[in-house]
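2 protein chains.
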Amino acid sequence: MNPVIETILNHRSIRHFEDKQLTDEQIHTIVKCAQAASTSSYMQAYSIIGIKDIEKKKKLAEIAGNQAYVEHNGHLFIFCADLHRHEVAGEMEQVDVSTSLESTEKFMVALIDATLAAQNAALAAESMGLGICYIGGIRNNSEQVSELLKLPNRVIPLFALTVGYPAKMSGQKPRLPLTHIYHEEVYEQDQGHYKQLLNEYNETISQYYKERTKGEREDTWTGQMVNMLKVPKRMYMKEFVQKKGLDIK
Amino acid sequence: MNPVIETILNHRSIRHFEDKQLTDEQIHTIVKCAQAASTSSYMQAYSIIGIKDIEKKKKLAEIAGNQAYVEHNGHLFIFCADLHRHEVAGEMEQVDVSTSLESTEKFMVALIDATLAAQNAALAAESMGLGICYIGGIRNNSEQVSELLKLPNRVIPLFALTVGYPAKMSGQKPRLPLTHIYHEEVYEQDQGHYKQLLNEYNETISQYYKERTKGEREDTWTGQMVNMLKVPKRMYMKEFVQKKGLDIK
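Residue numbers (full-length UniProt numbering), protein chains in the order written: chain W, 1 to 249; chain F, 1 to 249.
Hint data in this document are derived by calculation from the structure and do not stem from the laboratory. Heads up, the beta-carbon is just placed ideally off N, CA and C, and yes, glycines get one too. Errors might be hidden in some of the hints.
[Unchecked claim] Far from chain W, some chain F residues (derived; all Cβ distances over 10 Å):
#1 Lys58
#2 Tyr69
#3 Gly245
[What the hints assert, rightly or not] Here are the computed lysine-lysine pairs in the DSBU-like style, where the Cα-Cα straight-line distance is at most 30 Å:
#4 F:Lys243 with W:Lys249
#5 W:Lys230 with F:Lys238
#6 W:Lys58 with W:Lys195
#7 F:Lys195 with W:Lys32
#8 F:Lys20 with F:Lys52
#9 F:Lys243 with W:Lys238
#10 W:Lys230 with F:Lys150
#11 W:Lys20 with W:Lys52
#12 F:Lys233 with F:Lys195
#13 F:Lys150 with F:Lys59
#14 F:Lys56 with F:Lys243
#15 F:Lys249 with W:Lys233
#16 F:Lys243 with F:Lys57
#17 F:Lys52 with W:Lys238
#18 F:Lys233 with W:Lys249
#19 F:Lys195 with F:Lys210
[To be verified] Quick partial rundown of chain F residues pointing at chain W, CB under 7 Å, derived from the structure:
#20 Gln21
#21 Thr23
#22 Ser47
#23 Met92
#24 Glu93
#25 Val95
#26 Leu149
#27 Asn153
#28 Glu185
#29 Thr222
#30 Val226
#31 Pro232
Whenever a hint applies, use it, and build me the whole structure from the sequences.
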């Protein structure tokens, strides 16, 4: 196993950090790594906002549902899908590009570009001995986050990445069976086998929680998913995204 | 510089591969690395279809605009956003989760999950001495790709990842200035400075193309972007995505 694969497989989300800030050099290395990722048609359709200000971190932590590690960490990055830059390019070249920018296709491109960059940033940080955690919770109130970061039109916050020196390691949660994620030639057509794999995974997860909680937590993956998904969340998102000039047509 | 950062910064898209197939062990290592990525609320909202069949590769290459390396490579992975699994979980638990699955929020989650996994796969492959190239071109006809891969409802193909032994190395294209991608505390508010950085980048790109083409290619980044974006592409995407039961509400 080479050091890259080792870093990748050793990943776990870190939710307790030491009170030690990243240096600007570390931050720049992480951003440079983010930028080295592939980008669709050279669009580089994302921006990263770095937050040091403790008041702002506190505000973001509140929005994310009072997750303490959004406030207390070594550095906080906010990854945004960004098609504003391309609108400005249109202005500079005096060409109307708005139909493209408002398409679902380009919305997808911006999400993909931002996320490729983010995962490079995450792995770069982890390779430096730092811990990371992605925070989707900032989407609890994307409007408020956008105001806080003064995001222009056609830019939306996607998620935060907290980075820092791990104060407490956490475990790794078992993933879906490889053959459930990975299909050969076509998507699994045998519904019986598909469900069988999910049942096997439920067993694994059930065991995992029991062992960690000394038998107290009874849960399965499908149970956990359904409990979460039965209460629709962030249903304002469509309106927000379209108000920001994305995913309209 | 550690080996992870070195691999990340050394990335370039490879478009010519030797005629040598990946072993199943290599494929499984790559998928295992994909699965190790962070996932939103444990959803693991993606699937990967691996293609060995040469006829299918040929068909996908045609769809992607006759890109030869979609046909000739060591292995072809198709990354899909997948909320079908969660619908099946709903069936198994007899709970209706369709409102969640049809939300823009969960569409975003699925795109983000799939892309985090993909970038892990890409880096794992690169760390093994393999080359990679992302192929957004399969979105030229997502309907046809879905039929070819027999994707169920609530699963859409996002992009392909060609992997293989590099037959020809390629160069690295200069990225946007770090300070244009990375903002401190708030998004750049000074439009003059914002455009100045784009103009400086245009200079860099213009030089880059001139040097590579012995002065023949005159191009800038904003010029290139605008030329591409002025002709809206894949405008069928919204209808396709919604027909597949995603991004509806």
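Going down the list of hints, with the structure as the test:
1. For Lys58 (chain F), the shortest C-beta to C-beta distance to chain W comes to about 14 Å, beyond the 10 Å cut-off, and the non-interface label holds.
2. With 10 Å as the threshold on Cβ separation, the claim that Tyr69 (chain F) sits away from chain W holds: the shortest Cβ distance comes to roughly 14 Å.
3. The claim that Gly245 (chain F) lies off the interface holds: its Cβ sits roughly 14 Å from the closest Cβ of chain W, which is beyond the 10 Å cut-off.
4. Proximity of Lys243 (chain F) to Lys249 (chain W) is assessed by CA-CA distance (about 14 Å); at most 30 Å being required, the pair is judged to hold.
5. Distance restraint check for Lys230 (chain W) and Lys238 (chain F): the Cα-Cα separation of roughly 25 Å lies within the 30 Å cut-off, and the hinted pair is therefore satisfied.
6. Distance hint between Lys58 (chain W) and Lys195 (chain W) is unfulfilled; the C-alpha atoms sit about 43 Å from each other, more than 30 Å.
7. Annotation: proposed proximity of Lys195 (chain F) to Lys32 (chain W) holds, straight-line Cα distance about 21 Å (limit 30 Å).
8. For the given pair, Lys20 (chain F) sits about 12 Å from Lys52 (chain F) by alpha-carbon distance, which is consistent with the 30 Å threshold.
9. For the proposed pair Lys243 (chain F) and Lys238 (chain W), the alpha carbon gap of about 16 Å is at most 30 Å, so the pair holds.
10. A hinted pair counts as satisfied when its Cα atoms are at most 30 Å apart, and Lys230 (chain W) with Lys150 (chain F) qualifies at roughly 27 Å.
11. This hinted pair checks out: Lys20 (chain W) and Lys52 (chain W) have alpha carbons roughly 12 Å apart, not beyond 30 Å.
12. Distance restraint check for Lys233 (chain F) and Lys195 (chain F): the Cα-Cα separation of roughly 26 Å lies within the 30 Å cut-off, and the hinted pair is therefore satisfied.
13. Distance restraint check for Lys150 (chain F) and Lys59 (chain F): the Cα-Cα separation of roughly 14 Å lies within the 30 Å cut-off, and the hinted pair is therefore satisfied.
14. With a CA separation close to 24 Å, the supplied pair Lys56 (chain F) and Lys243 (chain F) stays within the 30 Å bound.
15. Simply put, Lys249 (chain F) and Lys233 (chain W) have alpha-carbon atoms about 11 Å apart, close enough for the 30 Å limit, and the pair holds.
16. Using a Cα cut-off of 30 Å, the hinted pair Lys243 (chain F) and Lys57 (chain F) holds, with the two alpha carbons roughly 25 Å apart.
17. In summary, the hint linking Lys52 (chain F) to Lys238 (chain W) is not supported, as the alpha carbons are separated by about 38 Å, beyond the 30 Å threshold.
18. Taken as a hint, the Lys233 (chain F) and Lys249 (chain W) pair is honoured in the structure, with Cα atoms around 11 Å apart against an allowance of 30 Å.
19. Among the hinted pairs, Lys195 (chain F) with Lys210 (chain F) is consistent with the structure: their alpha-carbon atoms are about 22 Å apart, no more than 30 Å.
20. For Gln21 (chain F), the interface hint is violated, since its Cβ never comes within 7 Å of a Cβ in chain W; the closest pair sits about 14 Å apart.
21. With 7 Å as the threshold, the beta carbon of Thr23 (chain F) stays out of range of chain W, its nearest partner Cβ sitting at about 14 Å, so the hint is violated.
22. Hint status for Ser47 (chain F) relative to chain W: holds, with the closest Cβ pair at about 6 Å, below 7 Å.
23. Restraint check, Met92 (chain F) versus chain W: the minimum CB separation of about 5 Å is within 7 Å; hint holds.
24. Given hint, Glu93 (chain F) at the interface with chain W, holds; its Cβ is 4 Å from that chain's nearest Cβ, closer than 7 Å.
25. Taking 7 Å as the C-beta contact cut-off toward chain W, the hint placing Val95 (chain F) at the interface holds, the least distance being around 5 Å.
26. About 5 Å separates the beta-carbon of Leu149 (chain F) from the nearest beta-carbon of chain W, less than 7 Å, and the hint is met.
27. At its closest, the beta carbon of Asn153 (chain F) sits 11 Å from a beta carbon of chain W; the interface hint therefore is violated under the 7 Å criterion.
28. Interface hint at Glu185 (chain F): satisfied, since its Cβ lies 6 Å from the closest Cβ of chain W, which is below the 7 Å cut-off.
29. Satisfaction of the interface hint for Thr222 (chain F) is found here, the shortest Cβ-Cβ separation to chain W being roughly 4 Å, below the 7 Å cut-off.
30. The interface hint given for Val226 (chain F) holds, since its Cβ lies 4 Å from the closest Cβ of chain W, which is under the 7 Å cut-off.
31. Using the Cβ-Cβ criterion of 7 Å, the hint placing Pro232 (chain F) at the interface with chain W is satisfied: the shortest such distance is roughly 4 Å.
Taken one by one, the earlier hints fail for this structure at numbers 6, 17, 20, 21 and 27, listed in ascending order.
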